[in-house]
Amino acid sequence: MFGSGIVRGLGVVFKHFVESWADDIRWLGRRYYNPEALKIRQSTKATGTFTVMYPEEKLPTPEEFRYIPFLVYEEKGQEKDYRCTSCGICAKVCPPQCIWIERTNDPKTNRPIPQPRNFYIDVDICMNCGLCAEFCPFDAIKMDHNYELASYDRTTAHIFDKEKLGKPVSYYQSIRPANYAREEQARAEEEAKKAAKAAAAKPAAKPAAPAAEKKD
Amino acid sequence: MTVAPAPTTTELKLDQLFPGEATPDARKGYSGYIVKPDKLVEVATALRDQHGYDYCSSVTGVDYLEQGQCEAVYHLYNTKTGGPAVVIKAQAPRDNAVLPSLTPVWPGADFQEREAWDLYGIKFTGHPDLKRILMWEGFHGHPMRKDWKEAYYEQEGKPFDARWPGGQVHRSEEKNPFGHNVAYPEGFTLEGWSEQADKAVYDSLPTGGHGSTEEGMRTDLVTVNLGPQHPSTHGVFRIVATLDGETIVKLEPVMGYLHRNHEKIGERNTFIQNIPFTDRLDYITSMSNNHGYVLAVEKLMGLKPPERAEYLRVMMVELTRIVNHTWAIGFLLNDLGAFFTPVLYVAKERELILDVFEATAGSRMMCNYMRFGGVSRDITPEAFQQVKDMVYDRLPRLLDEIDTYLTNSEIVRTRSIGVGVLSAADAAAYSVGGPVLRASGVAYDVRKAEPYSIYDRFDFNTAVRYQGDNYDRYLVRLDECRESLKILRQVCEQMPAGEIQAGKPQYQARVPAGEAYGRVENPKGELGYYVISTGKANAYRYHVRAPSFINLTPFGKMSVGHKIADVVAILGSIDIVLGEVDR
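Residue numbers (the working numbering), protein chains in the order written: chain A, 1 to 216; chain B, 1001 to 1583.
One or more of the hints may lead you astray.
To be verified - Not the full set, but computed from the structure, chain B residues with beta-carbon under 8 Å of chain A:
(1) G1227
(2) T1341
(3) R1377
Honestly, the hints are just simulated from the structure, not real lab data. Predicted model, so just to flag it, every value in this text is computed and none were measured. Note that CB positions come from ideal geometry on N, CA and C, so glycine has one too.
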């Protein structure tokens, strides 16, 4: 019969319509502004409308979510000890070339010292690809989770310097616990290996010492 | 649905078939044959008529600055038997780059030759309408030539020296872009300049009082612009149509409004820096854009990703295909007037798939997931569970729901059956790819014709429909989603454990000199990357065979005789993304 296809199609629309109300009723007014409900609403068990009431409600960000890099520093009292050694790998791998690193030179010897004098990221240009964090050998630059960066003046506010980019290790641990744990474990293993090597090298160092004397 | 014929692997020896006219390309790392320009049409015609190479997949311009040569590279395929490409090349001196056009042999070369003219200044004699396609008419110079420098030019290749170690930040915007790196035509004065950008477009359209109504009243032809700002064009795409009443007499697509010279950026970038840029071509299908590019570079590097990485790649790519096809169906219905209801039903499921991408790759759309020899991150158990829930439960239900909702709807059928018909012969000749090709009855799928990655292990069919109208293009997408689900089920069952990256990831990949063409069956059609390396950090040539762009070649032909409202639906059924069309 002509029109039966449309009627059946409207059945689908009707089903969605009913579902959107049925799910509201199931939650008895607790469907929105409720983290528990949000979790289910955004999962594969969800029915009904998918709307998230942003900004009152926010989607939970998964650990791997990446948005604008930040520099990790260790807290040593009041001091910020940046992990960055200004080796420049992030600046070299950055696809839109938005990272600018000013390396510090020792004023006496004029040799580079492993601390950046300044570190800039033009966040207007950053494409959030995460390659800098992926290839940093010191786990010094990581991708952030904070995506609410609106500001009133793009010409001055959107170039982040070292101060603005710096975030403590504890923050990094809070947003990426699994990655943090994995890196710390790798570092501990590396150090244990180094210690074992040093311990193994100690007895061997004695016979090597006279050889060094000979050279003199 | 039929199964595509088994691919053949017999290689044609062009130097024996055409002695003296074609010689093997002897450059290190290169393959294919160099054909004498004056014999090009002859060789091409013979390849088409006697050897069945009916599909001119890709036309690439290359500028060899040192040798003083411009080159056009043609990748030709046989849609009946599948199998690898026959690559022919023709060279011309770059100060007088003239080559014969192959548009009379394969009409699908039309837009691609226009692109090579526009960006490389290779003049194709015999082309019916050789004008610029991505740049505007009146633009001075050919921007992909190696000696052409863009505004804000810093250096030949990245990484730029200004960034490290003495990085003093500045915003490019504050620098004068009209400095020494902008070339003006000789004798150029601003006073003498006049707008001529659209003249070439309008000149190619008929005018005058040729129309007539049934009552015998003489009417004028009217030329109408749809776009570039128009919701039905899915982006900044412009349709210039000449109408008789409301019927299309001739239609000319105008594009390039989103052109950013992706390929030039790609040649400045190091190899790895290109991966996130490929995300931004067709931003609905960034996962499979990554795939094509890494395949091309892996061919050059001789890398093979580990098993688990291959499975992860296939999984992501097939999820992308479902996202793209359901999205395309939703938007096709938008164009037919069902404003946003079908789109939002599929968007719900799309959100859940994008959640998987976000949890795995870190971003919902700009995934940047694949690396040379592997993938960047492993999938978490929770995300894998979500994929299983989608594949076994939600997505089959979604497809069935779309089926009940739309397939038999009288409105959809009346609006789309018999509209925008593209015959099988035309589809292959016009080099269209993907669902548009298969809806016309050509069972050609790169995954079957020249299996890449691990597609030869999976049991799935090539979805084919035979009418070549809007309705079949809709149906073939639905069929393909079902085939993708088949693959995904096999992936979920067979997913091996193990490494996800071959060797240690390098921030600067060492790519040996040579050329490679990597192609994948992107949801929108065949996506190919032609990459030339000279052994340096940056690609010498990086070309994208963009399916959305080439699928537009027969758009004018498909629209003639239809109403304006149908043109919108035809465009929707071709399914373009302007990020890829304009590059």
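Each hint, compared with the structure:
1. G1227: Because about 27 Å separates B/G1227 from the closest Cβ in chain A, which is outside the 8 Å limit, the hint is violated.
2. T1341: 7 Å, holds
3. R1377: With a minimum Cβ separation of about 6 Å from chain A (threshold 8 Å), the hint on B/R1377 holds.
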